[in-house]
Every structure is written in structure tokens, then in C-alpha cells.
Amino acid sequence: MSALTFPRLVAGGIAACLAAGLGHQLYATFRTRQHHQGFEHHTLRCESGNIITYYRRPGEAGSPTLVCEAGLLSTSMIWRLVADHLPPTISVVLYDRAGYRNSLRRCQEDYCLRESVDDLVEVIEAGSDPATPTVLTGHSLGGYLVHRAAARVPERVRGVVLIDPTHPRELLHSRAQREGARSANLTMKLASWSVLFGAGLLMDKKNILASAEGSPYYRALRLEASTFSVWHSGLREWNYSYPFMLDGGQPLDRLSVPVTVLAAESTMRDIPAHKDLYEEYVASGVSGQIITIPDSNHQSIISGVNCAGVTAQAIATEVAKAVTHDSDPAQLEEAA
Amino acid sequence: MNRSLVKKTLEIAVPAILAGWFIASALGQHPDRSYDKVRKLDRTNTGILIPNWRFFAPNPAVDDHHFLYRLATEDRSKHTEWREAYSIAPRRFIHAFWFPGRRIEKAIFDVASTLMNNPGASTPLHEEAKRSAYRLINEFVRQRITPEPGYPLFQVMLVRYTGYDHSEDPKYDMVFDYEKVNP
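Residue numbers (our numbering), protein chains in the order written: chain V, 1 to 336; chain L, 1 to 183.
It is worth saying that the hints were derived from the structure and are not from the lab.
Straight-line distance between alpha carbons at most 25 Å, and here's what the computed SDA-like set of lysine to any residue pairs gives:
no., chain 1, residue 1, chain 2, residue 2
1, L, Lys8, V, Arg8
2, V, Lys275, V, Thr317
3, V, Lys321, V, His85
4, V, Lys205, L, Asp36
5, L, Lys40, V, His24
6, V, Lys206, L, Ser34
7, L, Lys180, L, Leu68
8, V, Lys189, L, Arg91
9, V, Lys189, V, Asn207
10, L, Lys37, L, Gly47
11, V, Lys189, L, Pro51
12, L, Lys37, V, Ser215
13, V, Lys205, L, Ile50
14, L, Lys171, L, Ile145
15, L, Lys171, V, Ala184
16, L, Lys180, L, Pro147
17, L, Lys37, V, Arg219
18, V, Lys206, L, Trp21
Chain V extracted, bound-state conformation:
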């Protein structure tokens, strides 16, 4: 019994904790690599060198295609609940940016947002039918990326729906956002290495993912929060986008299609300065509007069981409008 001394027990306990954490991290990584059920999965080697995995759920023949882009630290999984609520007539494309889930980053250059936009453009070209209208939607940072991508392929995109999007000037515009981002900076810098060594097990995910509680994808989202790839890719994107936004980013592109913003109620209520930025997004297109999703926050607007259906319905309406817009020669001429 003399073997069970305090130092030995501590060493053994720490080794056991480390093993449990690493085991959890590996399990989470393995489970989150599984493809989405009900979707065809495709692999695309992009010009950047990145190998992107995208998922397509075909709708009716000749139906419009909705391409969905996730935000920072999010993957295609975040879109599953909304996709479930979308009419089956619409073709839905989900994809993961390089580094997230099964998409591999092989680009040799330093990261910049243009790389993600370039990859997205190639996903749009590969995943949608040029003969039918394509609408882009993106959440948070993904909103900004789809807006930039829409300017790159105007001949393919017929509408843009931004879900509580990041605006390149939001840190300059709002002190609350700036201070929030500074706090997030610490989290981002520590998280990837912490998670690599199994600290994902110590993370209070119930609090972080409270908005997704009750969702059939809640467990998958919890596991994603424990994977190194999500935090590592998020850190790479954050390291570029944080100073980019502190500098005010770059002016929004002008689009010749409708731009609609679905805003979270809490964003509009707690950060009134955001309304100006959303209005700027809407004004960058030919028409569009700001729609506030009731009882939603930045996360629940897309992953909350009570909000995802409303968000999906609003997206479906915008897709239908884009189709109408596409088939109306007078409006097309006006947009041109």
C-alpha cells in the first residue's frame, strides 16, 4: 500500500485525465467526420489547392439551389436544422470551409478571406445548375463571405439572404462589439491548443450551446466544439478577420440581386448600431429588406428549435422571390 503516495496518485490522476481528454477529442473528431444523411456528398479540388467537401440534397427538377455558408467556428452541421425545415422542392447545398470537418486546407499561401470566397465560388459553380436560379445564404461571417461571392458570380446568383451577418465595419461602428471581440480574442487564442490536449471535456458546452438545446443535432454540435480542427480553422480565420475588421475591412460590393437580412431580435435590441450596418447590406442590392426573427439570438436564429423553422420559412420566401425575379424579364432588365 505504500505505493499509493500522494505524488503517485496525482501523477496517475493527471495521466488519466489527459487520456480521457485525448480520447474524447479523438472520438469527437471521428464522429464529426461522418457525412450528412439524406445528402449526396462530393469532393472538390479547388484552384487554391484546398479539397472541399460539399453536400447536396436535390430538390425537384429545375428547382432553385440554395447554397449555405456557415459562420466562424461553425460547420455545415449548423445548417442541418434549417435544411430540415426547408421545402424539399429546393435543392440545398451545404459545405465546409477548408479545415473544417472533411474539407482539407492545402493552400500554401497565408490565409485571407479571399481564399474562402474563391473556394465558395467554385462550390457554387460545381454544386448548382446554371440553368436554374441559385440563392446564397450565410450566417455570421458566412454572411459576409456569400455577399462577396455573389459579386464574383453575378451570372449565377439570383439572391442573397444574410442571417445575422458579420459586417466588416462592425468593430469600428460599435464599442460593445469591439469589447466583445476583444474578449473573444483570448478565447480563440487559447482554445485550439487547449482542445488538442483534451480540454474540450472541461468546456461548459451546455452554456455555450444553450440555444441549440432540444435540437436533433445538439449532440453533434457539442462534439464539434471538442474537435481541434474546428478551433484551429476558426483561429486561422479569426487571426485574419479580427485585424481586418478593426481596420474597417473593405467597402461592400454592389450587387444586382436582392439582398435580405434576417436579423436576430437580440442583436437588434442589444446593439442598435447594427441596424445601420444591416441597412447598408440591404442597400448594396437592388431590393430586399431586414426581417427580424422573433425571440432569437445570434446562435438560436439558425440552430434553435423554436427559431430555425421561422428562419427557414423566411429563406424559402426569399428563394421564391428570387425565382420570380429571375423569370421576370422586366426586373432582370432593371437589375442589369
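We have chain V; now place chain L onto it with these hints.
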């Protein structure tokens, strides 16, 4: 139960409990509060059983306080540029062991905090504390002013700045009333 059995049980249980407690405390030291799952095992809700290094500073200071001043003409129509009254010393390894200059910086921080914390508090005690803080800061700056002819007044501004993260803008917190350079 005989004595030797009790002794043996204690020999195992005591180090095991202490080791478990030590490990729980070690796991509760992550700087990011998102990783506080282990600390939630402490049902006292005080953080005493599984302490964290943030115990005495739940929101650690991340800014230095700086006092800037500018000189003004008698009619306050002309001003000099804002100047720094005291520079915060860049940190070196030796400062972990010997850093007597830190006393001034700590005093600046504490006196500035007196003005910044509880701005709405208006009890006689708070009012007196604030008046003292204003007098102390004005005197501190006055001792360090480089006077210029034609500029008999000065004004102090309280600024917070990280000093390490240059991507952050300074935060301009407070501008004081004008004071005489030579009272």
C-alpha cells in the same frame, strides 16, 4: 473494526482525497471561463473548494491607465497637443523579481479606479474619495509638466490603453477641469 484496518484505510483515503482535490484544482485553472466545468463541482457556489487564480480578480485588468495633459492659454482658446505625464515601463523578465517602479504604476491604477468605478455613487464618503483622487492626480501631473510661456493652465485626460495589443484603440475615459500650472 480493528485499529490496523482503520489506519490502512486512512493511509489510502487521505492521499486519494487530497490528490483528487489537487487534480480538480489544477484542472480549474484554465484562464478562459468556458472551461470551468470542474469548478461547478464546488456546490458551495463560492469557489473556495476549487479555487481559481482569478479569485481575487474575477475580471483581471487588461489595460494600463495613462494620464495625458495639455497646456492651455488663460482664455482657454489655445491648447498644446496631449502629452504623456508618465510612461508605463515595458515589462522585462527581471520585473518578476525586482520592480520598485511598479509602485507608482499601481498607485496610478488604484487612484484611476477610484474615479472609474461606481461613477454613480454619491455618498459623502465616495464624494470625498473622488475629490481626493482628483487632487492627487492633478498634483501628480503638475509635478511632471514641462511648462511653456503663455500657457498658465493645464488639463488632464484619463486614458486606458492595452500597451501590448496595438490593434486596440485607446479608450478616452475622462477629461478633468482646468488647473493652474503654478497655483
